[in-house]
Every structure is written in structure tokens, then in C-alpha cells.
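Number of protein chains: 2
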Amino acid sequence: MIAEILTIGDELLRGEIVDSNKAFLAERLLRLEIETRFQTSVRDDPADMRDAFLRAQDRADVVLVSGGLGPTRDDLTLAVLAETFGRALELHEPSLEAIRAFFARLGREMAEINAKQAWLPAGSEVLPNPIGTAPGCLLEAPREGREPALFFCVPGVPGEMAKMADEQVLPRLEARLARAGRAPRAMRAVLLRTFGLGESNLDHELRDVAREADVALGFRTAFPDNFLRPVARGASAEEAEARLAKVCDAIRERLGALVYGVGEETMEQVVGALLRARGLTLATAESCTGGLVGQRLTAVPGASAYYQGGVVAYANDAKRELLGVPQDLLARHGAVSAEVARAMAEGARRRFAADLGVSTTGISGPEGGTPEKPVGLVYVGFAHEGGSEAQELLLPLDRERHRALTAQIALDRVRRHLLGEAPLAPRFGRERAR
Amino acid sequence: MIAEILTIGDELLRGEIVDSNKAFLAERLLRLEIETRFQTSVRDDPADMRDAFLRAQDRADVVLVSGGLGPTRDDLTLAVLAETFGRALELHEPSLEAIRAFFARLGREMAEINAKQAWLPAGSEVLPNPIGTAPGCLLEAPREGREPALFFCVPGVPGEMAKMADEQVLPRLEARLARAGRAPRAMRAVLLRTFGLGESNLDHELRDVAREADVALGFRTAFPDNFLRPVARGASAEEAEARLAKVCDAIRERLGALVYGVGEETMEQVVGALLRARGLTLATAESCTGGLVGQRLTAVPGASAYYQGGVVAYANDAKRELLGVPQDLLARHGAVSAEVARAMAEGARRRFAADLGVSTTGISGPEGGTPEKPVGLVYVGFAHEGGSEAQELLLPLDRERHRALTAQIALDRVRRHLLGEAPLAPRFGRERAR
Chain H
1 MIAEILTIGD
11 ELLRGEIVDS
21 NKAFLAERLL
31 RLEIETRFQT
41 SVRDDPADMR
51 DAFLRAQDRA
61 DVVLVSGGLG
71 PTRDDLTLAV
81 LAETFGRALE
91 LHEPSLEAIR
101 AFFARLGREM
111 AEINAKQAWL
121 PAGSEVLPNP
131 IGTAPGCLLE
141 APREGREPAL
151 FFCVPGVPGE
161 MAKMADEQVL
171 PRLEARLARA
181 GRAPRAMRAV
191 LLRTFGLGES
201 NLDHELRDVA
211 READVALGFR
221 TAFPDNFLRP
231 VARGASAEEA
241 EARLAKVCDA
251 IRERLGALVY
261 GVGEETMEQV
271 VGALLRARGL
281 TLATAESCTG
291 GLVGQRLTAV
301 PGASAYYQGG
311 VVAYANDAKR
321 ELLGVPQDLL
331 ARHGAVSAEV
341 ARAMAEGARR
351 RFAADLGVST
361 TGISGPEGGT
371 PEKPVGLVYV
381 GFAHEGGSEA
391 QELLLPLDRE
401 RHRALTAQIA
411 LDRVRRHLLG
421 EAPLAPRFGR
431 ERAR
Chain F
1 MIAEILTIGD
11 ELLRGEIVDS
21 NKAFLAERLL
31 RLEIETRFQT
41 SVRDDPADMR
51 DAFLRAQDRA
61 DVVLVSGGLG
71 PTRDDLTLAV
81 LAETFGRALE
91 LHEPSLEAIR
101 AFFARLGREM
111 AEINAKQAWL
121 PAGSEVLPNP
131 IGTAPGCLLE
141 APREGREPAL
151 FFCVPGVPGE
161 MAKMADEQVL
171 PRLEARLARA
181 GRAPRAMRAV
191 LLRTFGLGES
201 NLDHELRDVA
211 READVALGFR
221 TAFPDNFLRP
231 VARGASAEEA
241 EARLAKVCDA
251 IRERLGALVY
261 GVGEETMEQV
271 VGALLRARGL
281 TLATAESCTG
291 GLVGQRLTAV
301 PGASAYYQGG
311 VVAYANDAKR
321 ELLGVPQDLL
331 ARHGAVSAEV
341 ARAMAEGARR
351 RFAADLGVST
361 TGISGPEGGT
371 PEKPVGLVYV
381 GFAHEGGSEA
391 QELLLPLDRE
401 RHRALTAQIA
411 LDRVRRHLLG
421 EAPLAPRFGR
431 ERAR
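Here the protein sequences come in this chain order: H and F. Mapping to my numbering: the first sequence position 236 is 236, numbers consecutive. Mapping to my numbering: the second sequence position 283 is 283, numbers consecutive.
Hints in this document: simulated from the structure, not taken from any laboratory. Some hints could be false.
[As the list claims (entries may be wrong)] Sample of chain H residues lacking proximity to chain F, with all beta carbon distances greater than 10 Å (derived):
1) K22
2) L177
3) E253
4) A313
5) L419
6) P423
[What the hints assert, rightly or not] Only part of the chain H face toward chain F is listed, based on derived beta-carbon distances under 7 Å:
7) L54
8) N114
9) A175
10) S200
11) N201
12) A305
[Unchecked claim] Here are the in silico distance ranges between beta carbons for each label pair:
13) F:V262 with H:G302: 19 to 27 Å
14) H:E421 with F:G302: 43 to 51 Å
15) H:A237 with F:G302: 33 to 41 Å
16) F:A175 with H:A88: 29 to 37 Å
17) H:A104 with F:R254: 31 to 39 Å
18) H:R220 with F:A305: 34 to 42 Å
19) H:A242 with F:P366: 35 to 43 Å
20) H:D317 with F:T72: 35 to 43 Å
21) H:T370 with F:V190: 51 to 59 Å
22) F:E174 with H:R220: 50 to 58 Å
Yeah, the Cβ is synthetic: ideal placement off N, Cα and C, and Gly gets one too.
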């Protein structure tokens, strides 16, 4: 089965927006083992749209069309589609009612212009839009001596497109494949979030795991993390699920605590859940990250249950006066040192009466480096009931990524402590030669 | 002149990456007043590529091809292009040298596989790649009775694509247009960053300004900001520049301090530059934003010259002990109150010995609201030599956007003070009825 994705809109052809719908739809088709062979975009121009429809009818069995379903004059998709395949537009009363109800929920009256969205090609199947005004449709374009080409039309608004693809388009495609005796094998996939090992190392570590029959292992870098996406297929959902569970177990056994989360889970959510489960509290003392660690911790709803607060100790005075870092430590070792990182973490723990304290102090650049303490040098301090420690790293990155990686290391330090794991070996940075 | 953008790669058709090259190239073509009429993507498949090349030759005058110039077996763009238009591939010695030199700069030897990238279609013009190994090329595909179609091939790596589009493709296209007596009118554009007025209000405020001859005014929402992009054209660069300057003056006169920056300038950079110019220092006290304001201030290199630090006072104890907020204020008014916001800003100013203090305290949700103090309520406090004040806002947004908008209001408060402007009237939130 050959698929084409066709997106329509002047704004795409003028480069005003990046078209993410194509990637979304292509990924969804792959779930049914349907490969997208063509992606096309044209303007809101009837002649170009017509050409694109005819070409797609000829070369593709399923055509996903997005865009041009809005209420304004330049939204022409259904009118041109109907004309191209010799259909009239007919008023679909239930859709008109749905549009009216949509506006009523917002406490507004439907503008007359929106009534246009309820006119659909005769003989097409309506695809309801639960979150917007534009219904979609499925139109079968006949082809001599072949199965008809299936045109699925959905809105261009990404949220509506995604919801309708998942709820309207994919189930219909899957049912048709099943009826034709070409049911796609069941697919189950999961995203595993890892931190602390580069993509090529992950690939190497997992090479034999990935050879597992019928499990594809995808990699994606999302700095400073690396994501793994095992995709398992099987004759039944149970079989695919069992395969997926098996490969996930193998990955976790191989990588241990390098896997920190699943799906949408962020590092700060994982840290928060662990703190909450253990009944422990945390405080932060940030120099080079400037509030980034605190900001991430408090991005999680309910963080006040375990996060006490922190000091952004950018100036030395602040380190001394708000965190109680002794002046002689600052004078002897400098603000960027293991000693000061430990004292900062201890100070945060003490000043906020928290169970755990974590700190950052480093030189994120681009200025401020010296031969002895170069740009990229950073210390992550950690204090707990049993004492304190600091990790020294040299991260040769730009300012933004230096700060982002440092914040992730700090959060991961807390996580590993709560799991009873050793601190991460700094494979991604160069450990500093002394 | 009709343009087509053609991107090539299995990863696009599988939806593994969102293709941003198309939008980039389309925007660049518009600078030469060339409209993109078709965008197409195909797999690394010789038959599909050949079809796409032939179709583009027929329907477009200029074809920008990106992707498939890499060293591996599935990088076939130049081989298929050459074959489609009856050319041989020829070794281009200077390109081979450039590739060798590229690796030498990295202290590595060129792998044999990379030599393939120096084989280019006979008769094509080489487009050097200053930051990667793959040179591009310009091939003229002849057409009967018409000017040849121009195929510009560039790599798919976005950074290389962008640099080669700007340095190799656009100048050549512009020169050709000029030779054909169809020189594009000069274009000058600028991005004006505004904060504090919604898109529809901006549109309304600037309607007559935008009517200015030959100046198009684009709007783009980048929450919590709104960007304006006036685009001026003229017979000469001077004329376009004069038009642009005139419209920018008119916009600034109309909007005043609502325009906070130009181009890539961020709010935190503007605040930092103003603090530096005035020789003043700033400290922060953050509750609901949890470190976001500090993080943004310290994202600017050299922030230590004016940012002293801050307290993330998430727990009440922290507000009291680290910022000196009186217990009776907390007890009488609650942590989310104008009184506590002022005391926090004053405390930050005092504890960090800074000239200015800014604070946030609010309920970002989704939990934690009460009938008296609903989710969305937030206070931004500000303290300076002359006293302190607090602004009360009700921002009905999700947690992430509530925090982002609050942080922007806090930074903008500092900016307006430094400019001698009144605090922003909270048109974007509902001011709280009391």
C-alpha cells in the first residue's frame, strides 16, 4: 500500500511555518506498516490542488490531506476535491449542528461564514472533529481496474490534525487493511529516556539487544539526554507486548540507572516522585546554572511537598552570607572549586532545613576562564545526612548547553542518591586532569 | 519565475524528523520575490527521485534540492540527477582537496568513502561547502523552447543547507535575475519584539501604519511576546532602508515601550544592558517562578556584572528566614499577597545589597487555588531606592505559561523602571476584581 501526504496552504509555501504535520502523519502510517512514498505541499490554488489530487490518485493508494478546511475564502480543499472527482458539495446537517454546538460551548454564536465548513463532498464519509469546527472526510476516488484511492482530509491545525488522525483516520485504515486480509501486525512501542551515555556508546552497548527478532531500536538525541525507542511487532497485541517487555527488560539490565524515565517523564518529575516516596526534602544552591535547577524542580505541580527552595548565589557575597560558605574557603580555593561546591550544598541543606542539598558552581563561558580554571569547568556539590561531596567535570560546550548539562547532572546526582546508586561516571565530559 | 523545493531522504518520509529546510528555503526565495509553488519530498529511491527531477524540470524554473549528498550508499542525489539529465559524474579535484583539508582540520584522515562526495555531474557548477564535506552543485537542465531549469543541490544538514543557501544559491539567483532584467526589488526587514499587547490589539493599533506603501507588516506570536516584522521593498537598498526606518519610527511612536527589543535581543539581554549602562545591580526573590527569572538573567554572558543573585523562596520558612519577610505579614495576608511580594522584593534587595529587587509569588496551579485566591493569581513585587510596590494579576493560563508570563512581567517591570516608564498595564491578564 503506497501512501502520499499532501499538505495545503500558502503559509507553508511561503515558509511562514515549519510543517510538522507531515512527519506526524508519516510516523502514524508506519504504525500500520504503511510507508509514505511521497510528500507534497501546494498553495491554496485550485489548479495546483487539482493537479496534486489527480497525481496522488494515480500514484498512491491512500492520501492524507491536511489543511484548507477552514471557514475563509482561501480554504478550498473540499470544494476542489469534490470538483476534481466529479462530486457536488452537500450540506451535512449533523456537522452544521456540531459547529453551532461548538460555538455555543464558548458562549458565542456561529458566524455565517462557518456554515461553509458543513458542506462536504457527496458520497464521502464524514470524519467528526471533536475539538474544532472543521469536520474532515474520507472520499474514495475510483481508479480503473484498481481499488479506489482513499483521500482522508483533516484540518491543518496540528492539534486537530493529530486527534483526527488517531481517532478517525488510523482506525478506518486499520479496518480496511484487516478486511483486505492485510492486517498490519500489532505494534507496541515505548520511549525510554536515558542520561549519561552518548548515542554511539548506547548503540554499541545495545547492539546485540537490538538484534532481537522483530524489535527495531530507534535512537534520538534530545540534549542532554538520549532517548531509545524500541518498536516491537507481533501477530497479536499480546505477542508484540511480550516482545517489547522482553527487550525493555534486556535494555534496563544492560543500562541500569542510565535509564531514568519512560515516555513523557522528565528528570525533575522522577526526582520529585522519588523524594515524595522517601519523604525527603531538597534545597538548591546555584551559581553557574543561575536558577535553572530550581526552575525545573518547580515546573512539576506539587513540588512544594519536597522542594524547600534555593539560593542563586551568583556573587561571592551571596555565597558567604546566604549560604554560609566560609570566606577562607572562597579565598583559598576560589568560587569554582570542589570545596566551595560542597560548602554551598551543605549551606543550602542547612539554611532551608532540608534533607538533601545540591549545588552548582562553574564557568559556563564564553568569558571568565583562566589557564588554571578553564571555561567549561564545573563542580556539582551534594550534601546529605551522611556528609557531602563534589564532582568535578570539564564540559566543553557553549554557555547554554553547559548550563543545561550541569543542571541535569545535578538532578541526576539527587536521583542516583535516592536510588542508592553511585554518582554518574562523567563519560560525556572530560574528567579534568590534575 | 516558478520555484520548487525538493527534499530527499528516507528519514523525512518515515517521519523521523520534521523537515524545516523547506520553510527556510521558501522564506529565502521570497526575499528575491520568488514564490515557491511546489514542495516535494521523496525517499532515497532512484526511480522516485528521477520522477521528481523530471517533473520539477517541467514545472519549475528553479529547483532547490536538499539532502542525499552524504558519503553513504543511500546518498544518491547527484548520481541520479546526473543520470536523469544525461551527464556523467566527474571527479572534481578541488572538492576532493577541500574534503581532505576538512578532515585534516579535525586531525583526522579522510575515509575513502568520503571521496565519493567530490564526484559531481559533468558541466555543473560546484557550490563549495565551507562547514561540511559535501559540496553542492548547480546544474542547468535544458528545456525545449524555454530557459533551462536551474537545479541547485545543497546538503540536508540544516546548518550546511542554510549557509550554502545564503552564500551560494541566493547570490547566483540574484545575479541571474539581474542579467535577465528581472532584478528583484531590494528588500529590508527587521524583527521588532513587543511585550504587553495581544496580536489582535497590535493589528488594530498598527492598521494605518501597515497601509504604508510597499511595507508589509507580519505578526508572529511567540508566547508571551508578539513579534512584528515589517518588510520594505524598494528600487534600491537605500530606498528600502529608508522605507523600513520610516515604518519602524512610526511603530515605535505608536507603541512606545511596548517594543522592547530588535532581532535576536531577548528581554533579559535588554534588562542586562540597561542595568549595565546605569551601573545598577539587581537581586531576585522567586516563589512561583522557582528560579526562572534568575535562570534567564544568568543566561546572558557577563550577567555577574549586574545580577547579584536571588532566593528561590518556595517554602514560607525560606521567605521568612532568607528574605526576612515578617511572620505576621505571612500570617495576616498569606504568602500570595501584595504585602508579601513587596517584602520579598525588599528582602532580596537588602540581603544581596542590590540597587533593585524583584519578586514573584502566585498560584501557578493546577492545584492550590481557593475561592479567595484562585489559580492564576500572581503578584510581582518591585523594590528600589525610593520604595517598593506590587502588581496584582490574574493570569488564566496553564502552569508552564503562567510561570513564563510571570517571569516576563517581572523582567519587564525592571526594564520599565530603568526607562522611567510606568509599569505595564496588565491588558493580557484580567486585573483582579476586589
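We went through each hint and held it up to the structure:
| no. | hint | verdict |
| --- | --- | --- |
| 1 | K22 | 7 Å, violated |
| 2 | L177 | 19 Å, holds |
| 3 | E253 | 27 Å, holds |
| 4 | A313 | 5 Å, violated |
| 5 | L419 | 24 Å, holds |
| 6 | P423 | 23 Å, holds |
| 7 | L54 | 13 Å, violated |
| 8 | N114 | 18 Å, violated |
| 9 | A175 | 22 Å, violated |
| 10 | S200 | 15 Å, violated |
| 11 | N201 | 19 Å, violated |
| 12 | A305 | 10 Å, violated |
| 13 | F:V262 with H:G302: 19 to 27 Å | 40 Å, violated |
| 14 | H:E421 with F:G302: 43 to 51 Å | 37 Å, violated |
| 15 | H:A237 with F:G302: 33 to 41 Å | 57 Å, violated |
| 16 | F:A175 with H:A88: 29 to 37 Å | 51 Å, violated |
| 17 | H:A104 with F:R254: 31 to 39 Å | 37 Å, holds |
| 18 | H:R220 with F:A305: 34 to 42 Å | 39 Å, holds |
| 19 | H:A242 with F:P366: 35 to 43 Å | 37 Å, holds |
| 20 | H:D317 with F:T72: 35 to 43 Å | 56 Å, violated |
| 21 | H:T370 with F:V190: 51 to 59 Å | 39 Å, violated |
| 22 | F:E174 with H:R220: 50 to 58 Å | 38 Å, violated |
In terms of the numbered hints stated before, the structure departs from hints 1, 4, 7, 8, 9, 10, 11, 12, 13, 14, 15, 16, 20, 21 and 22, listed from lowest to highest.
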